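Fit chains C and X to the supplied structure of chain W, relying on the hints for placement.
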Amino acid sequence: MTHTHLPGQTRQGERLLIGIAVVTTLLFIAAPLVYIFARAFSQGWQVYAENILHPATLHAIWLTTVVAIIVVPLNVAFGVAAAWAVAKHRFPGRGILVTIIEIPFSISPIIAGICYLLLYGRQGLLGPWLQANDLQVMFALPGIVLVTMFVTAPFVAREVLPLMQAQGSEQEEAAVTLGANGWQVFTRVTLPNIRWALLYGAVLCTARAVGEFGGVSVVSGNIRGQTNTLPLHVELLFNDLNAVGAFAAASTLTLIAVVALILKAVLEGRRA
Amino acid sequence: MTAVAAPIRAKRVLPGFTLSLGTTLLYLTFIVLIPVLALILKGAEIGPARFWQIVSSPRAVAAFQITLTAAVIATVFNAIYGLLMAWVLVRYEFRGKRILDALMDVPFALPTAVAGLSLTALFSANGWFGGVLEAAGLQVVYTIWGIALAMAFTSVPFVVRTIQPVLEDMDPALEQAAVTLGARPWAIFTRVVFPAILPAWLAGCTTAFARSLGEFGAIVFIAGNLPFRTEIAALLAFIRLEEFDYNGAAAIALVLLGFALVLLIASNLLQNWAAKHREATR
Amino acid sequence: MKFPALTAAALALTLGAAPAQAQDTLLNVSYDIARELFEALNPAFAAHWEETTGRTVTIDMSHGGSSRQARAILEGLPADVVTFNQETDIDVLADGGLLPADWRDLLPNNASPYYSLPAFLVREGNPLNIQDWDDLARDDVAPVFPNPKTSGNARYTYLAAYAYALANNGDDHDAAQTFVRDIFASVPVFDTGGRAATQTFAERNIGDVLVTFEAETGGIAAEYAAQGLERVTPSQSLFAAFPVAVVAENAERNGTTEVATAYLEWLYSAEAQQILGEYFYRLTDETVAAEFADSQAAVDLVTVDDVFGGWDAIRADHLADGAILDQVFVNQ
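Protein chains in written order, with my numbering: chain W, 462 to 733; chain C, 14 to 295; chain X, 78 to 409.
Only chain W is shown next, with the shape it has when bound in the complex (with noise of 0.2 Å):
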């Protein structure tokens, strides 16, 4: 990481560039990030410990993270098979496999949980079947799971993608030639090679999967202590007039965004 400064720039210059993007980013991404634990604790360790305890919080946090170990496997094998099907074959569509896969990240939350309800919801295209058959799709674990899949598909197919692509396919040609089935193929040649990738498309997806708020909360029915994701209790909370409970339950959400980030410069740092 030793780049050549581009000579005759002056250190004058830099220093005012750094301190450009230093002020602003501090402004514009720092601050609401140190303001949400500030009003957290504006009463106290005592009432944040009292609003996080509260059994209604604790039961948001039990279903995101519930939520959360669904999605997140699913997802990694997901985008693990899109990878390898994209990146070691050539077959015409590729192209478009990858603007799908993308289709999520331009889409608005809110229109994908309205997708849903067309499809799943009891006046929906499906909502006759599931409702002779007594399945509870949406308003229930389902729903809230389904669309957080639609939401995250991209995040672990996108980290990994590039990589194995950069990388070819020699090395698993090499071992297929020795004689290793497909499996050994992938758990001892690719996965070393995409293991931190995979790992930081992980912990992005994690990061997605529990802060969902749009999308859940067209389909999640807002039942206190049934079907409030951690996001969706943050505003009931607010709308409760408990700002420093809506705060509190944010700081959580805000200290796993923290972990996740804190995890990936240390994923990095291996990769590089």
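Hints are computed from structural coordinates only; laboratory data are not their basis.
Worth double-checking, as some hints may not be accurate.
[To be verified] Chain C is nowhere near these chain W residues, computed Cβ spacing over 10 Å in every case:
#, residue
1, W523
2, D595
3, G640
[As the list claims (entries may be wrong)] In silico lysine to aspartate or glutamate, EDC-like type, Cα no more than 20 Å apart, as pairs:
#, chain 1, residue 1, chain 2, residue 2
4, C, K289, C, E181
5, C, K289, C, D184
6, W, K725, C, D114
7, C, K110, C, E181
8, C, K110, W, E729
9, C, K289, C, D182
10, C, K110, W, E475
Just so it is clear, the structure is predicted and the values come from calculations on it, not from any experiment.
A virtual CB, placed ideally from N, CA and C, is assigned to each residue, including glycine.
Same frame as chain W, now just chains C and X:
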């Protein structure tokens, strides 16, 4: 499928094609394509005349305009700020650089609703920033500036993270040569550095713009949701849903979907161009 | 394939958790500002239920804009009972076949165990001297209330202002529309729900007067006592029924019809009415109502039927796409 794949398979050495592609297609079909198809079917049900009537109603047009305007403001800000950050993070060494670099990922990791809540509180009249700004006669919260602020916050990493690798890869010899030829720093930047990162910069901005159009969680808190002034398209779709107007919601959602697809394809093309450009300049 | 197997597991998890009822469970889907109210009512009912039947009951709550909640129920939110602030939103459920069309006749008083009315909450000392609906139309007054397209609460505000203007302009509809347009023109923020509007007014100090149900003005004045917010009751307002109903189809499927019915009937009891009174609602039980008479200002109450000819007429004339509300609010 087999008919198409057969001649290609002969050349294929690596196993797992059917399994991996099968898994991918199954996942995408059930999680992404079928729900999106449900939306398109709903939209088709409406009929072109009614569809046009819904999306060209003054309120919908205003919502699209507001969304686009705010997204443009946010993207212009991010184009400059993101470029500056990428430049500073790649080219300079200074204390706290790693922290600054990590902070660039905060908008990715922080739930958007939490970001919205915090930004609203910060910029409202009794928040840390709002008081100062209000004294200066500038209101952010409940105006289009607030929407742009939320959009800029949630989409800035796309710009930084797309430019960064390209800047890192750039061959210093080019700049050195320019220096030897006596070019001034600004000329070096505009003639040598900028053309090299232009495709990545554009691709990053396009993705950031697409992300801004779809943002909802952060904006609802800060926007004020005033029809014709601060009501964004995603919120209007949400409101239509709450009014039991499924057609209205589906029509607006489809327009947003169309925007997103066009931008996505544009961004992918730009990124391909960027990759080729990079190989060419190496 | 991993995916269907795990989804099936997830399904089993939720479905498996639901039938394990050694006790009764009710889902009450309710309007936005009823949060504190039902937090007080539910334990009292649970105690009453245990006393009379020996069974325990857990009541789950979901709060949100009344119309939004009705839509969610239509889409499959498994509500056993609804406690709304809009009759039209229960009619929507009846249209959807979830409960009988004659739901109003199933409980006393048109199935409305308590009621309220749009009223005002002003800043300390009432510096702008806001007393009645006329003052909301003044140029120097910024009223705060939610979006009437999404909030039942705000729809009452709109109708009450309209009714007031009709009464004071010899039933001239053009004058009433101008009046309402003047009020809407100076609203700084239209939040999507009643609670968000309260936040805007009380937490963020925006606007000069919050217009919401009298029950909410009482609760907010108490919650933000330090701010010295003052309650103002206009000379005339609109009777706002707070209807309740068992969502028959869901209750049957969940086997909760008995406890759901008992829950709603209990809302008419002296015990429940006492709690309702403490949360600033107006009561149907006259004995209990007499106890709260001092704290509830006299007001000339008109009804939807008298002024507008019922909810069907309101839906057609005011709320439909392009109708009067759109003209004065959306297309202003």
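Taking the hints in turn, this is what the structure says about them:
With a least beta-carbon separation of about 17 Å from chain C, W523 (chain W) lies farther than 10 Å from that chain, consistent with its non-interface assignment. Chain C leaves D595 (chain W) outside its interface by the beta-carbon criterion, the shortest separation being 21 Å against a cut-off of 10 Å. Remark: the non-interface label on G640 (chain W) is consistent with the geometry, its nearest Cβ contact in chain C lying 12 Å away (cut-off 10 Å). Pair hint K289 (chain C) plus E181 (chain C) holds up; C-alpha atoms about 16 Å apart against a cutoff of 20 Å.
Of the pairs offered as hints, the one joining K289 (chain C) and D184 (chain C) holds, with about 15 Å between alpha carbons and a cut-off of 20 Å not exceeded. For the proposed pair K725 (chain W) and D114 (chain C), the alpha carbon gap of about 11 Å is at most 20 Å, so the pair holds. A C-alpha spacing of about 15 Å is found between K110 (chain C) and E181 (chain C), which places the hinted pair at or below 20 Å, so the restraint holds. Pair hint K110 (chain C) plus E729 (chain W) holds up; C-alpha atoms about 15 Å apart against a cutoff of 20 Å.
This hinted pair checks out: K289 (chain C) and D182 (chain C) have alpha carbons roughly 13 Å apart, not beyond 20 Å. The straight-line distance between the Cα atoms of K110 (chain C) and E475 (chain W) is roughly 14 Å, inside the 20 Å bound, and the hint therefore holds.
No hint from the list above goes unmet by this structure.
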